[in-house]
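Protein chains: 4
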Amino acid sequence: MTVSREVELEGHIIDSGMMQSCFGIIMDLGGSFSVEEFDIGRHKDEESYARMLVEADDEDQLQSIVHELHQHGVNPSDPKDATLVPAPDDQVVPHGFYSTTNHPTYIRYEGEWVEVEDMEMDCAVVVEDSEDGPRAFTKVLNAIEEGDMVVTDETGIKVQPPERPRDSGGAFGFMQGGVSSERPSESTIRKIANAIRETKKEGGKVLAVCGPALIHSGAREDLARLVREGYVDMLSAGNGFAVHDIERDIYGTSLGMDTESLDHPRHGHKHHIYTISEVIREGGIAEAVESGTIESGVMYECVDNDRPFVLAGSIRDDGPLPDTITDAVEAQNAIREQAHEADMVLMLSTLLHSVAVGNCLPSTTRVVCVDINPATVTQLLDRGSAQAVGMVTDIGTFVPILAEQLLEE
Amino acid sequence: MTVSREVELEGHIIDSGMMQSCFGIIMDLGGSFSVEEFDIGRHKDEESYARMLVEADDEDQLQSIVHELHQHGVNPSDPKDATLVPAPDDQVVPHGFYSTTNHPTYIRYEGEWVEVEDMEMDCAVVVEDSEDGPRAFTKVLNAIEEGDMVVTDETGIKVQPPERPRDSGGAFGFMQGGVSSERPSESTIRKIANAIRETKKEGGKVLAVCGPALIHSGAREDLARLVREGYVDMLSAGNGFAVHDIERDIYGTSLGMDTESLDHPRHGHKHHIYTISEVIREGGIAEAVESGTIESGVMYECVDNDRPFVLAGSIRDDGPLPDTITDAVEAQNAIREQAHEADMVLMLSTLLHSVAVGNCLPSTTRVVCVDINPATVTQLLDRGSAQAVGMVTDIGTFVPILAEQLLEE
Amino acid sequence: MTVSREVELEGHIIDSGMMQSCFGIIMDLGGSFSVEEFDIGRHKDEESYARMLVEADDEDQLQSIVHELHQHGVNPSDPKDATLVPAPDDQVVPHGFYSTTNHPTYIRYEGEWVEVEDMEMDCAVVVEDSEDGPRAFTKVLNAIEEGDMVVTDETGIKVQPPERPRDSGGAFGFMQGGVSSERPSESTIRKIANAIRETKKEGGKVLAVCGPALIHSGAREDLARLVREGYVDMLSAGNGFAVHDIERDIYGTSLGMDTESLDHPRHGHKHHIYTISEVIREGGIAEAVESGTIESGVMYECVDNDRPFVLAGSIRDDGPLPDTITDAVEAQNAIREQAHEADMVLMLSTLLHSVAVGNCLPSTTRVVCVDINPATVTQLLDRGSAQAVGMVTDIGTFVPILAEQLLEE
Amino acid sequence: MTVSREVELEGHIIDSGMMQSCFGIIMDLGGSFSVEEFDIGRHKDEESYARMLVEADDEDQLQSIVHELHQHGVNPSDPKDATLVPAPDDQVVPHGFYSTTNHPTYIRYEGEWVEVEDMEMDCAVVVEDSEDGPRAFTKVLNAIEEGDMVVTDETGIKVQPPERPRDSGGAFGFMQGGVSSERPSESTIRKIANAIRETKKEGGKVLAVCGPALIHSGAREDLARLVREGYVDMLSAGNGFAVHDIERDIYGTSLGMDTESLDHPRHGHKHHIYTISEVIREGGIAEAVESGTIESGVMYECVDNDRPFVLAGSIRDDGPLPDTITDAVEAQNAIREQAHEADMVLMLSTLLHSVAVGNCLPSTTRVVCVDINPATVTQLLDRGSAQAVGMVTDIGTFVPILAEQLLEE
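Chains as they are written, first to last, in the numbering used here: chain H, 1 to 409; chain Z, 1 to 409; chain V, 1 to 409; chain W, 1 to 409.
Isolated chain H (complex conformation) (with noise of 0.2 Å):
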């Protein structure tokens, strides 16, 4: 017995990718496939239209091929209402709950496409009716509620990835080219710097995402001066990054090395731990800055020209200071605002926070990942943003010659 469902693409369908994701995925998982009509652009403005009958031998093995051809944005031609079905308990799905892309998503609830709020990827899809019409919205597993209307199963639900722009150009253009690994380090810059530039002159906001190699190779002063310019709006570190900040600014030092002599790397830990107790003797940073204890550098500049941070605890940190979230659900929720507000992402030399920042970004934020370690970034990129560029290359240079491009020209 074969069974089978009528399904649609449209867009750039062919030079996207999308085209050749779908056959791959269909024959990958054992199925086959007619195409119906084809309607292709014939000149690169025009969108194509396809739409096809997808064939498998049992229930089972369709809806897997149209689960992952839901994923890469192949909608049933033929749309119905999703299913809804109440979470049976805090924090656990009913059975073949949908779980999210990253890309934009909507809901057919009564008839109507509602679009899905945060988008993120890997949540269930909660739909609840307001006085302004019904909403959908993502939630992560552990915010799920006994009695969440969650979307289950394939049906009424449209995915659309977003496109790869059919002109290079542009201050974005260059964002789709992966990792850089045989390029141009400072032509590179100088475009990562236009980026920059132009997001800000839309009115976008840039995260930046901050591990304490920053401080340790150099690069805290020319940060500092970017987030008082305001080409930075956010920040998003962990607790070594923020003392490490702290101790430059106090002691002079970054894990007791002397970061203009590189002398006597000794007595770190000292006046690490003297740095942390410090603060908590203030009450906080911000609270030290009021009082003058900081007087410089990242954070310092952050707590004076109001630019929000989220400081997000692990199990490496010493102290940890007041400002340091350290329950992971709460420091998640905190990352997760300051992502789903975010337009451009910087994430500089820190795995950790990047995958927990990348982890809530929809496809549409554009990335720039910069950090010394191949596989770091190709991992990184891998979460797949639709505008997103890697580097590999020193984050003690790559910081000062992005200060002087974007403060200097």
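What the hints contain is simulated information worked out from the structure, not anything from laboratory work. Accuracy of the hints is not assured; some may be wrong.
[What the hints assert, rightly or not] Cross-link-like lysine-lysine pairs, in silico, DSS-like; alpha carbons within 27 Å at most:
| no. | chain 1 | residue 1 | chain 2 | residue 2 |
| --- | --- | --- | --- | --- |
| 1 | Z | Lys270 | H | Lys139 |
| 2 | W | Lys270 | V | Lys139 |
| 3 | Z | Lys270 | H | Lys270 |
| 4 | Z | Lys158 | H | Lys270 |
| 5 | Z | Lys158 | Z | Lys80 |
| 6 | V | Lys200 | V | Lys80 |
| 7 | Z | Lys139 | H | Lys270 |
| 8 | W | Lys270 | V | Lys80 |
| 9 | V | Lys270 | W | Lys139 |
| 10 | V | Lys270 | W | Lys80 |
| 11 | V | Lys158 | W | Lys139 |
| 12 | V | Lys158 | V | Lys139 |
| 13 | Z | Lys139 | Z | Lys80 |
| 14 | W | Lys139 | W | Lys205 |
| 15 | H | Lys80 | Z | Lys270 |
[Unchecked claim] To give an idea of the chain W side of the interface with chain Z (calculated C-beta under 8 Å), a few residues:
| no. | residue |
| --- | --- |
| 16 | Met19 |
| 17 | Pro86 |
| 18 | Pro322 |
[What the hints assert, rightly or not] Now the in silico label distances, taken between C-beta atoms and shown as ranges:
| no. | chain 1 | residue 1 | chain 2 | residue 2 | range |
| --- | --- | --- | --- | --- | --- |
| 19 | W | Asp132 | Z | Ser77 | 53 to 59 Å |
| 20 | V | Thr2 | H | His95 | 56 to 62 Å |
| 21 | W | Glu330 | V | Glu290 | 48 to 54 Å |
| 22 | V | Tyr49 | H | Pro79 | 31 to 37 Å |
| 23 | W | Gly384 | H | Asn333 | 31 to 37 Å |
All figures in this text were calculated on a predicted structure; none of them were measured in a lab. From the three backbone atoms N, C-alpha and C, an ideal C-beta is built for every residue, glycine too.
Following the hints, position chains Z, V and W against chain H.
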């Protein structure tokens, strides 16, 4: 004006490198020295003794030198009692507090040397009178309470770095080799197996610190056998490790990939989220084992054989499972307790958890560190255990060969 | 003014990605297109056909686009004979020469399509009349002789990139997976063993490209068994590999380390130099095998079982051995000959030799690339074989497990 | 039965680590020792002296220990003349030949100490009578001629490893720091610039060893300026480096990518092959500079400013250029000559060429090693120069910042 202090070195001070470090420290910090007495061990079993006068330009510099010498086991020749200062507030250390190394340490209190309990680096030392006499123990910053009597300055403190064994033979003799880059893999694994066997024979405990790559790489079944057969006594991991392990049991996949056939790496996260959802429904891992929901794997064997485990949360986690400790400080405390009980630690493909565990280890604990990334292995070995070995290899082939060595010979 | 040319695509042009690449190229290079005919294969076994008009602003741009389309198998719809221009001098190509891809290629000569022999990328194509009719074959730059009739421009050339098999089953189905970062190691090795077995069953030849790490990591005996048992038909390596292998036979060490006991990694280079000195004294490896100086190992098995080997020299070499080809051009020619005979190539822990071999491979040769450095694996796979798989693992555990799979099942 | 020999250590034998190594060697190799005399330098400027008796179970073991001690600068206290044995054949060393370290070495010949010329490791030492008295010099294996008087055994040889400077100040003081992983990038580059400036001030010569990544990463123009301005006296590279550099001049691309706009990374290899073809047509790089074909770039500046360069061939090369030395032995000889003349070597993003150069360097040459891959930097620094520093950074940002430091201050 010149200030000076007399210090002493004892033991195998030349071949352990202590004397060399000592001279290096004094010169690096701008001081000078004259050797007043030097008795060299004439034979390889005799200890040596040196007494020397350290000179510096001012008291600050001298303290700085003496501080560093301390860290390397050089102690003042005329000991006085340690200086104790009450902590001014919760989580605040007095100025000049003594920050610990990870070496065995003694505090001079009322003329007697008291060994510091729970040695761990970057802590404060608190001294307390108890019924059984004075006790000295480490406290991390966030555990400091107002009024704790904290050791400050360098006076009255003796540090004894473990010496390099004079004989490279024996089951642990190879554990001084740093990172094995060009060593024969199978022979090195055989040596590690011997060291585990010897540790067990001595009645020691083995702690395995496990990353999720263990599951992806197909090492799950062999690790589960090592837990079952008692070669692993305790487990330290993250939420992801446990979820992947349980997903493999319930759905036959790990992040959606069938680890046998390598087929269909799709649907992944749905299984992942379902797994968490199911365990939450049961109330936890032990409950899910009892109810028969989990029937095999590493976590199953831990529960079934009463091997304690710590799952520490992080900001990357999905879920998390009810067993995962989401608060970083609480998780550190659980990790600390395990670390202090361990005689040998296997760090298997996780940087984050290995650093967290490594931070809590005294320098006398044996450490084996395995990762495919040489930078990770180097970073972990740098933390300084006296008996440690690193191996850059594939965890997916390492664990099966280790299990074969331990279980089938 | 706009210029245009009509081009055609045939085959599984959508799921092989050809159509997508084609649209991408045209847009990247600033041209435009209109699709004039499009017959899509309605079922997964049917081929598709597209004819389209490529437009550009000037002839230069058009040629540039058409050149790139060629590389991806898009050919002009109205073929003319190829343009042949005599080489002006030895080692000098005529302007506008056609630089090859590594895909099967045909040259139109006197109205007929002639298949190009010895396909290899970045070469010129030379056409010659012979008794059996016209022949076309590749020549590297340094082999070009004055007067050679060299194909220039894009006219009269047809390129056929191998298609992605529609079915991922079969022994080679897994060889499209790129680099296995998170795949189960033992299962992947089992699949590689199957692919080797299948290649031998088909009467194919397996070429092993070997780095010295094979010996240091203890994989020597198992590789020797694979040579003896006929799973490796040819060997490509450097001077160092052969010397380490023979040193192990004569002195029981590799670079001075006993690969069994791991003891005393000293005296290394003396054994190393002695080994070379001894082989020079005998006149070569085969002579040293015959005289009984070499009694075991990889090189021994090559000689004893008539498996041809190429040892290519490099500027890092000690010695070198008399068998090592010190001239780079001569060595390349020897490598080229082996590469053209191979049906499957195992690249084992050597970047330099793997790149050299890879440069000479047509895209139809199967490639397995194993290295502990992910950057090496990625770089090698990027050269583009249609059936290739990379594995990031420890060669010292990979070869023993592979040998077990092949020899003991 | 026990055999013994008396040995001596002189100099800063404790803080240079010599004494520690010495004790370690004896114990590792199963011997024992008694210290017969020990005069410790009482102040940091005084040298120390030790005489001790090394004991072993048999003569073989004793020789093995004494051999190792030699390598570390420990010499027999009662020196005899060195043993000279004629080489039995071309490229064949006598049994027991002495294999050199890279440290300054002296041979006792007719009661006098003769310094060995052209120190380099893993060579034989040949002694010859000349008009100016006896000469001792190193010879690599392939240069040995039948009848050469080769030093054998350990007798009559004195090795003097350079001592660690007692003072870490001065322009070269930072060059003992191993690999900079967590050091501030800009400050480290400033220190390297100072060391280059100081070397030039002392009349020393700087050799740059260059990989092709220098060109891809956009560092070409700044490197060319350093050659022009005389901060680089000699260049060692491969065929690829020169071709990419010249391609950039002639076609504005490097492997086909416009290094300014980052556009159109296509056509690459055609430009590459054309470049080689054009230089062959001219007869060589110097000829192409003279004729005006090459007008800028690194190779241009080398020719224009009479900075000698060595281009060593490899099996990966296209072409090669007429200037490329394709024979590995001949290329090594050219590299050796440059290496022996250099006072400071900059190893810039090439493992192959850096190893080849490094093999020829005495331990007294200053070495700076820059690569983005930490494993490469570690491997190169392990070869053991007394003044060496490694930096893990992006060559595309390193060279511009270095040039700015050197040229604009």
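Right, here's what the structure says about each hint:
1. Z:Lys270 to H:Lys139: Since the Cα atoms of Z:Lys270 and H:Lys139 sit roughly 14 Å apart, the hinted pair holds (cutoff 27 Å).
2. W:Lys270 to V:Lys139: holds, 14 Å
3. Z:Lys270 to H:Lys270: Measuring from Cα to Cα gives roughly 46 Å; hence the hint is violated.
4. Z:Lys158 to H:Lys270: Holds, because 18 Å separates the two Cα atoms, which is no more than 27 Å.
5. Z:Lys158 to Z:Lys80: holds, 11 Å
6. V:Lys200 to V:Lys80: Not OK: V:Lys200 and V:Lys80 at ~41 Å, beyond 27 Å, violated.
7. Z:Lys139 to H:Lys270: Holds - the C-alpha atoms of H:Lys270 and Z:Lys139 are around 14 Å apart, at most 27 Å.
8. W:Lys270 to V:Lys80: Given pair W:Lys270, V:Lys80 holds - Cα atoms ~23 Å apart, limit 27 Å.
9. V:Lys270 to W:Lys139: Within the cut-off at roughly 14 Å; holds.
10. V:Lys270 to W:Lys80: Holds. V:Lys270 to W:Lys80 sits at ~23 Å (cutoff 27 Å).
11. V:Lys158 to W:Lys139: violated, 55 Å
12. V:Lys158 to V:Lys139: holds, 18 Å
13. Z:Lys139 to Z:Lys80: holds, 23 Å
14. W:Lys139 to W:Lys205: holds, 24 Å
15. H:Lys80 to Z:Lys270: holds, 23 Å
16. Met19: holds, 5 Å
17. Pro86: violated, 35 Å
18. Pro322: This hint is violated: W:Pro322 lies away from chain Z, its Cβ roughly 38 Å from the closest one there, beyond 8 Å.
19. W:Asp132 to Z:Ser77: 53 to 59 Å: holds, 56 Å
20. V:Thr2 to H:His95: 56 to 62 Å: Taking Cβ atoms as reference, V:Thr2 and H:His95 lie about 58 Å apart, which means the hint holds.
21. W:Glu330 to V:Glu290: 48 to 54 Å: violated, 30 Å
22. V:Tyr49 to H:Pro79: 31 to 37 Å: holds, 32 Å
23. W:Gly384 to H:Asn333: 31 to 37 Å: violated, 53 Å
This entry does not satisfy hints 3, 6, 11, 17, 18, 21 and 23, going by the numbered hints stated previously.
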